[in-house]
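For the sequence shown, numbering that gives the first Met the number 0 gives the first residue as 0, with consecutive numbering after it.
Simulated pairs of lysine to aspartate or glutamate, EDC-like, Cα-Cα distance not exceeding 16 angstroms: (1) LYS123 - GLU160; (2) LYS122 - ASP153; (3) LYS122 - GLU150; (4) LYS123 - GLU134.
Bear in mind the hints are in silico, worked out from the structure with no lab data behind them.
Bear in mind the structure is a predicted one, so any value in this text is a computation, not a measurement.
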Amino acid sequence: MATHLKTTAPRLKTMLSRVQISVNSGHTLYRRAFTEAFTKLDPRRQIRNPVMLVATAGSILTSISFILLLVGESSESPVAIAMVAGWLWFTVLLTNFAGSLAGGHSWARAETLRRARRPVTAKKLSNPKRKDEYESIPAATLRWGDVVLVEAGDILPADGEVIEGVALVDESILTGKNTPVAREAGGNRTTVTAGARVLSGWLVVRVRARPGEGLPDHIATLVTEAQHQPPPYKTFLRATLAGSVIISLLFVSGYGLQAGSVETFITITMLTALLVALSPMTTGGLLSVIDLTGLDRLIRRNIIPLRDQNAMEMAGQVDVLLLDKSAAIVPGYRMAAGLIALDKTGATQLAKAARLVSLADETPESKSIIALAEKQLASDGKTGDASLETPAGIRVVSPSDKTGLNGIDFNGNTIRKGSPATMITYLRAQGYPVPSQLNDVAKQITAQGGIPMVISLNGRAIGVIHLREIINARLEERLMRLRQMGIKTIMLSDDTPLAAASIAAAVGTDDFLTPAPPEARLALVRYYQALGQQVAITGHCASEASVLFEADVAMAMNTGPQPVRQAANLVDLDSNPAKLVELVEMGQQWLATRWALTTFSMISDVVKYAVLIPAIFAFTYPVLGMFNFMQLSSPVGAVLSTVIFNALTIVVLTPPALRGIPPCLIDTARWQSHNVLMTCGLGGLIAPFIGIKVIDLILVALGVV
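Make the full structure from the sequences, and use the hints.
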């Protein structure tokens with residue numbers, strides 16, 4: 000019991016500390032969002048959103064009117080003016096708060112990277128060799144192409160590519176994950192990032208980023224620009240909002256002049272409130288929230304847009320998804336599914352040999368072989384056999400030996416394990432017979448999507464292990480959802496057609512391409528693009544750079560070489576190719592949210608004209624009273640009710656804007672036309688009539704108007 004408590008206490012302490020950190024982080028985000036709600040009142044920031052600029056100006060003017068009212072220089076209703084000013088300020092501050100909260104996690108990541116920036120000394124090498132002399136210089140003076148040495152305990156001074164050495168690197172400052180990652184020269188783990196710390200080993204790195212242009216700098220700049228500058232793909236929508244504000248301004252100005260000529264009780268304060276009420280407040284207020292939420296979700300998932308902020312929309316418009324089998328569909332290891340003896344009397348002998356040859360290997364594959372062999376031996380009643388004990392004096396034979404096979408030698412016995420082709424070559428070279436049924440068994444396993452592994456004992460092939468590649472468990476369900484959304488998935492594989500077809504059927508892809516060299520992938524991308532469809536793909540090898548450059552959505556792995564990053568428009572810091580499916584799902588959800596909220600808001604903003612204009616004209620020109628079908632109490636009541644309705648609408652729509660609306664499980668076109676345009680459009684059409692009327696009745700009952 001004491002031992003259990005001794006081992007559990009540190010874990011519990013770690014869990015509690017993590018909870019405390021999470022709570023503190025949440026409090027920081029809310030405090031920062033609350034502060035930003037006021038700092039965003041700066042006209043230099045408000046000018047980028049004309050709708051919010053009008054709302055802020057209206058809040059200030061109505062507040063001034065209320066102050067004048069308190070000093071006795073106005074004859075307007077104090078309660079009505081106070082409520083107009085209060086609700087306008089509430090609307091503006093709530094919108095600013097929601098926008099800051101939407102980008103809170105990305106802001107926190109950017110702040111962490113900024114705080115981590117400190118003077119770093121780089122060990123610049125005169126030649127790209129570790130043993131050469133180096134010069135200690137400030138990292139800020141490094142230039143593209145310089146070569147630096149990074150040893151255990153050092154911080155990487157710049158983004159670069161490993162040209163020599165192997166090391167364990169802590170990239171938690173960038174990814175937020177404490178698990179060290181291996182980086183080495185050659186292969187697909189050559190890229191390193193500024194700010195990471197080398198824990199063990201050493202690296203010789205060629206700098207591939209200019210000062211201030213590394214990935215950490217890019218993330219910080221991306222978040223800052225997103226919070227201060229609207230994305231370019233919103234230009235048309237923002238121009239529409241600006242036009243709506245101008246139309247509202249012209250209408251209110253003309254109405255004010257006409258109302259003054261007939262001596263109505265419409266005051267400057269109420270005209271200001273009318274202008275804000277008629278402006279597209281809901282759409283303009285939620286637009287920035289939706290924009291920042293998209294980028295925030297990407298950064299929280301460690302997916303970084305490399306060239307623009309348009310990544311979420313592009314991901315939501317993907318029609319074809321190309322998935323690499325070896326990277327995205329299978330996790331990279333295999334499990335034993337069966338033992339097939341080539342001699343009907345040798346099943347027990349095969350199980351014993353397979354178990355022994357796998358004992359020296361700690362991989363999941365070998366462990367699964369051992370478990371399967373012991374299960375079969377138990378069913379045969381052989382578990383008590385003394386021959387199951389590990390023999391003494393075993394010599395392990397690695398694949399680097401001449402035969403290219405795994406194996407062991409003990410007590411004059413030889414066991415080998417390898418692929419059918421390698422085993423046949425070995426048997427023939429040693430003058431041993433090749434069983435006639437070996438090729439047939441291997442083909443049968445391959446046709447089922449498995450991998451055959453042959454076992455030989457003392458030069459005689461005694462059986463075949465059926466290895467099955469483990470498929471990503473959650474991928475099948477996700478691919479089904481994508482298919483229901485109208486997105487086609489294609490598996491890229493280098494297996495035989497039979498094996499590829501079997502795995503594609505198991506995981507649920509719509510089609511497969513095998514073999515899939517870079518030129519075949521590029522031709523496939525261009526084929527679907529010629530059909531007017533958008534294609535998404537991942538890449539981690541330098542040879543795939545041209546394919547990524549052509550694709551509409553290209554996600555590079557953080558571990559990949561620099562040419563891959565330069566060709567892609569996204570980079571995954573976790574280097575997980577399966578995340579491409581998640582990216583497309585997030586894009587679909589974000590598009591669904593944008594369509595739903597924008598449709599509801601824009602129709603609702605238009606309907607407000609049909610509610611307000613008849614009400615105020617009916618009191619200004621009694622002959623037009625027949626058009627006041629809403630029977631609102633007064634012009635003041637109509638304007639105040641609309642202002643309150645705007646604020647409450649933003650309150651209701653902000654949570655789904657932050658959380659996202661799950662896309663309907665049907666294809667994208669039907670989602671947009673049916674669900675959004677019908678459901679959300681109908682809601683935006685009906686809600687203002689009911690909401691404004693109910694609020695007006697409440698104001699009358701309270702004696703406000």
